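> So you can see what is in the structure, the chains are spelled out below.
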Amino acid sequence: MAFSWRVRQKTFFAESDIEFEQDQRIIDWLDSSKKTWVYGETYFNDKLDLTKDAKNAEQALVFVKTLMNIKTVEYLCKPLIDIPRVCVAINKFLLYTTEVNNVAEDYNQALFDFIQHIFKNRKIDYYYLSEDNGTYFNYASPTTQFFIT
Amino acid sequence: MNYKDLSLIGSIRVQYSLYKSTHPLFQRWMRQRHKTIQKDDIDDLVLEYTRDKKSLWIDSFGHCFSKYDQKIISIEPVFAQAMLKTIPNIFCRGDLQNPDTHQEIAKTFNPEIVVYFKSTIFKYITISKLTENVLALRNIYPALCIYIDLQFINYNKIKYPVNNVIQQIQENLPSATLKRLPLNGLLINI
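Protein chains in written order, with our numbering: chain A, 1 to 149; chain B, 1 to 190.
These aren't lab readings, by the way, just hints derived from the structure by calculation. Computed from a predicted model, the values in this text were never measured in an experiment. Please note that the accuracy of each hint is not assured.
[To be verified] A short, non-exhaustive set of chain A residues, derived as facing chain B with CB atoms under 10 Å:
| # | residue |
| --- | --- |
| 1 | Thr11 |
| 2 | Lys92 |
| 3 | Leu95 |
| 4 | Asn101 |
| 5 | Val103 |
| 6 | Ala104 |
Every residue, glycine too, gets a C-beta built ideally from N, C-alpha and C.
Make a model of the complete structure from these sequences and hints.
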């Protein structure tokens with residue numbers, strides 16, 4: 001049986017029933033009773049009331065953990081701007097652009113500005129690691145997260 | 001939660017999983033070890049640079065190519081020692097980020113060229129740290145051949161395309177020869 005990298009990493013530790021902090025934050029934030037549209041991750045499926053129809057979703061979760069052009073992220077998020085609660089979790093190592101963009105020099109600030117530009121006039125709680133040295137399981141579970149209400 | 005906050009199980013199984021996931025040549029060797037290791041164009045390129053030289057492959061599992069170059073010596077992180085101890089020409093060292101460790105390695109093995117093949121040492125670092133590390137190693141070893149994956153380099157990925165990043169690395173390392181490779185790969189020879 002093939003295990004996901006997230007499941008395999010959990011077996012490395014003596015502690016049982018661990019949840020990565022960034023996953024736990026998403027679990028705590030999402031409301032399991034609301035109709036949820038999800039992109040890019042199946043890990044949370046059994047904790048959510050899933051819908052395939054983004055237009056009728058009450059909340060949404062977008063997971064970016066594959067190599068992705070920043071324009072694709074924008075394309076994915078734009079249809080979600082009217083959903084009351086949206087979580088966008090991004091592995092920031094996996095984004096790319098094909099042209100120089102006029103954005104903030106600081107990557108974390110530029111990412112925040114990017115999400116704020118899509119979800120205008122919304123409250124955004126932002127979590128990120130300023131020094132990500134690969135010890136936070138971020139290839140299994142993105143550590144840069146936006147919670148939009 | 002950082003994995004260092006938890007109690008990592010010190011079993012061979014965990015060491016194997018961690019090492020395999022971070023060392024692509026070990027992954028390939030495990031998959032093909034009962035056959036001849038298949039090389040691709042990038043392997044050929046790196047092996048061309050090391051041909052007829054005493055090469056030292058650090059944190060890269062150079063042993064994968066030992067059938068093509070019997071002179072390859074591998075230096076691996078000490079956490080993998082128990083797992084790799086029966087394989088010939090592999091030596092383990094503690095802190096592979098420490099210049100003193102490299103001084104000792106250079107003195108002991110006297111390599112003509114040092115290879116880093118997608119090594120963890122060149123992951124999760126900024127461009128300036130990458131430059132600093134390359135220059136520090138170049139002060140110790142006579143020649144370096146470093147194959148990195150730019151995906152793992154920490155820079156503003158929504159501001160700069162890969163070409164700009166390569167240009168910046170070239171400006172920081174004017175004496176190096178850079179070659180862009182498929183899938184965000186970059187070969188640095190200095």
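> For the hint on A:Thr11, just tell me whether its beta-carbon gets within less than 10 Å of chain B.
holds (8 Å)
> Min Cβ distance, A:Lys92 to chain B: is it shorter than 10 Å?
holds (7 Å)
> Does the CB of A:Val103 sit less than 10 Å away from some CB of chain B?
holds (5 Å)
> Return the status of the interface hint for A:Leu95: holds when the least beta-carbon distance to chain B is below 10 Å, violated otherwise.
Since the shortest Cβ distance to chain B is 4 Å, the answer is holds.
> Verify the interface restraint on A:Ala104: the C-beta must sit less than 10 Å from at least one C-beta of chain B.
With a minimum Cβ separation of about 8 Å from chain B (threshold 10 Å), the hint on A:Ala104 holds.
> Min Cβ distance, A:Asn101 to chain B: is it shorter than 10 Å?
Given a least distance of 5 Å, the restraint on A:Asn101 holds.
Every hint, counting from the list given before, is met by this structure.
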